[in-house]
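Dock chains Z and R against the given chain B, drawing on the hints supplied.
Each chain, letter by letter, is given below.
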Amino acid sequence: MPDPILEIDDLRIEFRSGGEIVHAANGVSFQINPGETAAILGESGSGKSVTAAAVMRLLQSPPAFITGGAVRFKGQDVLGMPIAKWRDYCGREIAMVFQDALTSLNPVFSVGWQIAELFRAHGVAFGRDANARAVDLLNRVGIPDPALRAKDYAHQFSGGMRQRVMIAMAIALGPDLLIADEPTTALDVTVQAQIMELLEELRAESNMAMILITHDLGVVADVADNVAVMYAGRVVERGPVSEVLARPGHAYTLALLDSVPRANSLGQHLKPIIGSPPDLARIPKGCAFHPRCRFATDLCRNEEPPSVAVTPRRIAECHHVEAVFNDS
Amino acid sequence: MSRLTRGYVTNELNIMTTAEQESLIIRRGSPWWRMLLRDRFALVAALWLFVLTLCFLFGPLLFEDAATKLNLRARNLPPGSLEHGWLMYLGGDALGRPMLARLIVASRNTLAIALSAVFVAMIVGGILGMIAGYVGRSVGHVIMRFADILQSFPSLLLAVVVLYILEPNVTNLVIVLAITRLPIYLRVTRAEVLEIRERVFVDAARALGGSRYHILRRHITPVVAPTLLTILTVDFSIVMLAESSLSFLGIGIQPPEITWGLMVAAGRNYLSQAWWLAFLPGLAIMMATLSGNILSNWLRVVSDPEQRWRLEDSSGKKSGQTDA
Amino acid sequence: MASFLGRRALHSAIALIGLILAVFFLVRLTGDPTDLYLPIDASLETRKEFAHKHGFDRPSAEQFLVFLKDVSNGDLGYSLRKQRPAMELVLEAYPTTLALAGVAMVLSITLAIIVGAIAAYKPGGVFDRISSMASLAGASAPDFWIAITGILIFAVTLRWLPTSGVGDLPYWILPIGVLMLRPFGLMVQVVRAAMLGALSSAYVKTARAKGVGETAVIFVHALRNACLSIVTVAGDLTVGMINGAVIVETVFGWPGVGKLMIDSVMQRDFPTVQATIMVTATAIFLLNIAIDFLYVALDPRIRHQ
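Chains as they are written, first to last, in this note's numbering: chain B, 1 to 328; chain Z, 1 to 324; chain R, 1 to 305.
The hints are simulated quantities; they were obtained by calculation from the structure and are not laboratory data. Don't be surprised by glycine CBs; every beta carbon is placed ideally from N, CA and C. Don't take each hint at face value.
[Stated by the list, open to error] Pairwise CB distance ranges (calculated):
#1 T110(R) <-> P291(B): 51 to 59 angstroms
#2 L287(R) <-> V51(Z): 41 to 49 angstroms
#3 K74(B) <-> L287(R): 52 to 60 angstroms
Next up, chain B with everything else stripped away, as it sits in the complex (with noise of 0.2 angstroms):
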């Protein structure tokens, strides 16, 4: 087994603010290894983005307060690290795909500025270099007439355009771990499948590790190797996809699944998770899922759930992780 690029340990963020505390992730813990594609599901609220910027070190603070655990990237302390360092790292080996390009890319300058920035940021190249480079990276993302192209600005671009871009920018240096956070969200549905193609192909081809930030069930079927399911800022459940998908092994990935349409649940009713996801300033006791729970017993409800070993691979945190399995 190589080491993996990045290792979150037991990472604890807080928003505080109106007197209250939101709890946005109570211990997530992740790891990825090289080239490998993993996914984090969830729903929005499920803490996922969150954990995403505290590893790129973007949350504003305050409202937002890292308590707690560790992020490793090749072995190194991210959180503890100079802003100065770990900044020389964002874009040459980790670079992030945000999820709504429009405005993510600085509006008052043109495109092919901005990803020449990166050039010039990491001292790589400059001027006109650093501007022809730029038009190669559009090129490469299937941006039809880059040089000129390259001139325009965010808003004069379709949304799936915009987000060619984005990916431009992520990959220009290389980057050995690219987080892509709801990458097709903004999309339409016919582009949201060429962007992962994209993605895909170009994570192919210089063997870079993925983290596909998603609460797209298909999605992840599709391209992850392995999959974190996320729930009130917690891993749920984690394994490769093909299993986990298959066969969860948590109470909520199961109800996920049963929620949305699948080739072999055709002619069943779909059955959507009743209730909503916990107000993260108030947590539920015990297992965060047990009020929205089929599976839910006294247990549940007062204690928290352990971490299992469902098989040799994979984890789940359930009270009922056998009655799971097998209702599956």
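Quick look at chains Z and R alone, frame taken from chain B:
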């Protein structure tokens, strides 16, 4: 793992300042006076404005005589001594009249003009803004161009010209000052009306057969009014400064009436002998305008979330929206 | 873009014409305009002659045409004080005001950007609180009082600076300082708010994720966007600058437009007052158009509309 606390995030800014904490606590919906007690600056500002209100209400009644009584022995008397009675504590003016009494009496004109002007501006501007936003495009255009004219010309020059052509008495002064502040209220009201009028509750009221007047009065006014009142507190300071400037230039209120601006102008001639004659009334203006500005800043912080809540769908009010 | 600029220019033009109309009607609102144009002790013959010459005895519509013709020729009458064309006096005074306001404008905007940006970087921090208080005080201060207090301290007591007049650098310090105060105070608040918005935006996150240094994040990515708000209020700021110039020029005895205006008002020299209004309104009209062009140059989103 608690060694990794705070500090490792982007801005390395770990201390929540009291001011910020206060503004956050305010969201929890404590009564306004408790919020005021928590903000020291706003509290002092409010107390000072309260004192000024007392001066405004009772000052002339109590000190009118003292303020006009000549005392040749107290001419240009320096401040800081109780020898000639407490009214002389802030010194005497060029004719030996007690500064303190004169400052108190002058507060009435200064405050009355400023208050009347902002209220006139708010009411007229609000009504024009409602008409511009609600009645129709062409009327709206005409009103907006009118606002352009007023806004694109320096207000002081405008006031100077109008007071030159008309007569510089209190009524005209109030009218002129109100006119120069009109555009703000007009624009804000129009913008809010345009926004609100698209909202569901107005549509509902219209569907139920509400008349235009009824909709404006019952549905739009309650939403627009808090915003206008917030602007009013800022404007109070601006108008007070404008009035003082005009009086200082000799184009505003004419003697023997007194305002703080006039007192500065009068004291200017004695600058090297008796600095307090010009300094103290100016300080009074500054303290009043600063209090107004501090209080309006505070008001903005307090009223903002409420305003947002008022305008937004209440379901999105307080959910765990942490997944940015 | 063209439609944006065209619409804005049209609005400015309407405002300018509206103001000229307002002057025409205000003058006639008070009764006999000859009262305004001639010295109080002018004889009846002089009045009649003047009224006839300027068409005040003819129908209003005709008077208006004459007025427009005079305005477009720059013929705004003779100054009653100086017996010279009023227009000449105004144009002579303008360079002084422009120099004073220009320097104050550049200085206050530059300083406000630096202070506002630093304050917005750590909202609620010590610097932010001090600069908020200072800018609030600056925006609340009566400029005539600051001017007088400045003279009292630096000229009368310490004797470091001259009390008034025009000359080399020492003569400029107090007037510029006083004139800067309010625009600076207001501008710091505008810059701070704009920077606060820009710094919490998604594109700033992207820049940080790209590994761009903090200095470039603040002064390139965020400031370039905040510039849009700054330019938006620049017009109001200039208008406010002229208000301030009236006070500063009067207190420090600078022969600029503000002093000319006040002196003319005091000595009831209406043609000069009128000429000052017209020239100032035209200058603001041109400035507004310049600002709109600048805005278009700064915001590509408007450029491609």
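Going down the list of hints, with the structure as the test:
1. T110(R) <-> P291(B): 51 to 59 angstroms: holds (58 angstroms)
2. L287(R) <-> V51(Z): 41 to 49 angstroms: holds (42 angstroms)
3. K74(B) <-> L287(R): 52 to 60 angstroms: holds (56 angstroms)
The structure meets every hint from the earlier list without exception.
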